[in-house]
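As a plain string of letters, each chain reads:
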Amino acid sequence: MNELYPEMRAALRAGRSFATVTLLATGGSVKLLVWPDGQIMGSLGDATLDQRACEAALPLLTHGESRIVDHPDLTVRFFIESFVPPPTLFMVGGVHISIALAAMARVVGFRTVVVDARSAFASSERFAGVDELLLAWPDEALEGRIDSRSCIAILTHDPKLDDPALRVALNSPARYIGALGSPTTHHRRLERLRTEGFAEAALARIHGPIGLSIGARTPEEIAVSILAQIVQVQRQA
Amino acid sequence: MHAFLDQIDTWLARGEQVAMATVVRTMGSSPQTIGAKLFVASGGGMIGSVSGGCIEAAVAEACQEAISTRQSCLLRFGVADETAWEVGLACGGTIEVFVEPLP
Chain A
1 MNELYPEMRA ALRAGRSFAT VTLLATGGSV KLLVWPDGQI MGSLGDATLD QRACEAALPL
61 LTHGESRIVD HPDLTVRFFI ESFVPPPTLF MVGGVHISIA LAAMARVVGF RTVVVDARSA
121 FASSERFAGV DELLLAWPDE ALEGRIDSRS CIAILTHDPK LDDPALRVAL NSPARYIGAL
181 GSPTTHHRRL ERLRTEGFAE AALARIHGPI GLSIGARTPE EIAVSILAQI VQVQRQA
Chain B
1 MHAFLDQIDT WLARGEQVAM ATVVRTMGSS PQTIGAKLFV ASGGGMIGSV SGGCIEAAVA
61 EACQEAISTR QSCLLRFGVA DETAWEVGLA CGGTIEVFVE PLP
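Listed in order, the protein sequences are those of chains A and B. Quick note on this note's numbering: the first sequence kicks off at 1 and runs consecutively. Quick note on this note's numbering: the second sequence kicks off at 1 and runs consecutively.
A portion of the hints provided could be inaccurate.
[Said to hold, decoys possible] Simulated DEER-style distance windows between Cβ atoms:
id, chain 1, residue 1, chain 2, residue 2, range
1, B, G43, A, A14, 27 to 35 Å
2, B, G45, A, A204, 42 to 50 Å
3, B, Q7, A, S124, 22 to 30 Å
4, B, H2, A, P209, 27 to 35 Å
5, A, Q236, B, Q7, 27 to 35 Å
6, B, A57, A, W137, 48 to 56 Å
7, B, G44, A, S182, 52 to 60 Å
8, A, R13, B, A57, 37 to 45 Å
9, A, Q39, B, G15, 27 to 35 Å
Think of the hints as simulated: they come from the structure by calculation, not from any bench. We treat Cβ as the ideally placed atom computed from N, Cα and C, and that holds for glycine.
Produce the complete structure using the sequences and hints provided.
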């Protein structure tokens with residue numbers, strides 16, 4: 001029996017990272033819970049084994065990976081499973097594309113955040129399903145919140161909102177940065193950022209025009225093309 | 001797994017017992033990734049998935065067994081395995097699933 005489920009549940013609810021090490025055997029469920037700082041809960045039945053399991057689990061947890069680990073000398077197999085909070089997709093612009101993109105991204109496993117400074121756009125009626133709706137200037141809302149697993153889709157089509165968001169995104173370790181706009185719009189955008197001093201390597205991080213080229217026309221179809229591109233970037237490590 | 005917590009809470013609050021099935025190894029063209037989960041309640045409810053659907057029924061049955069015996073078990077399905085045909089694992093992959101009852 002999985003005695004550690006209550007702890008797993010509480011950590012998942014709180015958005016905490018952890019790993020579990022499970023002995024792959026028939027019978028009682030023998031499990032160890034490992035926190036990122038190396039603290040453990042539960043036991044595999046032997047302190048030395050717990051220590052070895054913890055050492056094997058920590059590097060996998062760092063990378064959010066899960067796999068079976070064999071200990072031939074011990075003739076046992078463990079399943080090490082990493083539980084990390086879902087990555088966040090920030091959508092800048094409470095536009096029609098964001099409504100569709102937020103709904104689809106949730107299904108794919110993202111925490112969804114929509115930011116817009118315009119109350120008519122960032123309204124809870126339009127975005128009932130998002131995890132977080134921020135009525136704020138995008139640069140202020142995003143500052144300090146973007147980590148190396150975050151994805152950012154910049155969708156307002158208005159340089160007053162787009163450019164400040166892009167500056168924050170380019171100065172962050174974001175996994176994916178995409179910006180809506182035609183090739184001409186994107187060209188002008190890159191020119192403005194270049195003038196501000198952004199290097200070519202930084203500008204090359206922006207996917208623009210945003211999304212995979214699948215001939216998308218409607219906002220919903222464009223959302224599909226953006227999400228497909230995000231998955232592509234995530235999986236091409 | 002986070003997405004399933006509300007449903008699991010509902011089952012447990014209702015007094016149902018729940019088992020958790022986790023994909024621990026895949027080879028070949030199995031459609032689910034490692035860590036994919038299926039939760040099964042004693043009342044017959046299911047949430048999540050461990051395959052494209054082809055081994056769901058067999059895993060759900062093992063979950064009910066785990067609920068009644070309070071024992072964990074490791075299941076292996078594959079093309080070389082006769083049970084693969086019985087459960088219709090047509091995708092040509094091999095998959096190992098660990099089943100454990102929740103407290």
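Right, here's what the structure says about each hint:
1. G43(B) to A14(A): 27 to 35 Å: Holds: the Cβ-Cβ distance is about 28 Å, inside 27 to 35 Å.
2. G45(B) to A204(A): 42 to 50 Å: The hint (42 to 50 Å, Cβ to Cβ) holds, given that G45(B) and A204(A) are roughly 49 Å apart.
3. Q7(B) to S124(A): 22 to 30 Å: Once the Cβ atoms are compared, 25 Å apart, the range 22 to 30 Å for S124(A) and Q7(B) holds.
4. H2(B) to P209(A): 27 to 35 Å: Holds, at about 33 Å.
5. Q236(A) to Q7(B): 27 to 35 Å: Once the Cβ atoms are compared, 33 Å apart, the range 27 to 35 Å for Q7(B) and Q236(A) holds.
6. A57(B) to W137(A): 48 to 56 Å: holds, 52 Å
7. G44(B) to S182(A): 52 to 60 Å: Once the Cβ atoms are compared, 53 Å apart, the range 52 to 60 Å for S182(A) and G44(B) holds.
8. R13(A) to A57(B): 37 to 45 Å: Violated, at about 31 Å.
9. Q39(A) to G15(B): 27 to 35 Å: Cβ of Q39(A) to Cβ of G15(B): about 33 Å, so the range 27 to 35 Å holds.
Of the numbered hints stated above, the single one contradicted by the structure is hint 8.
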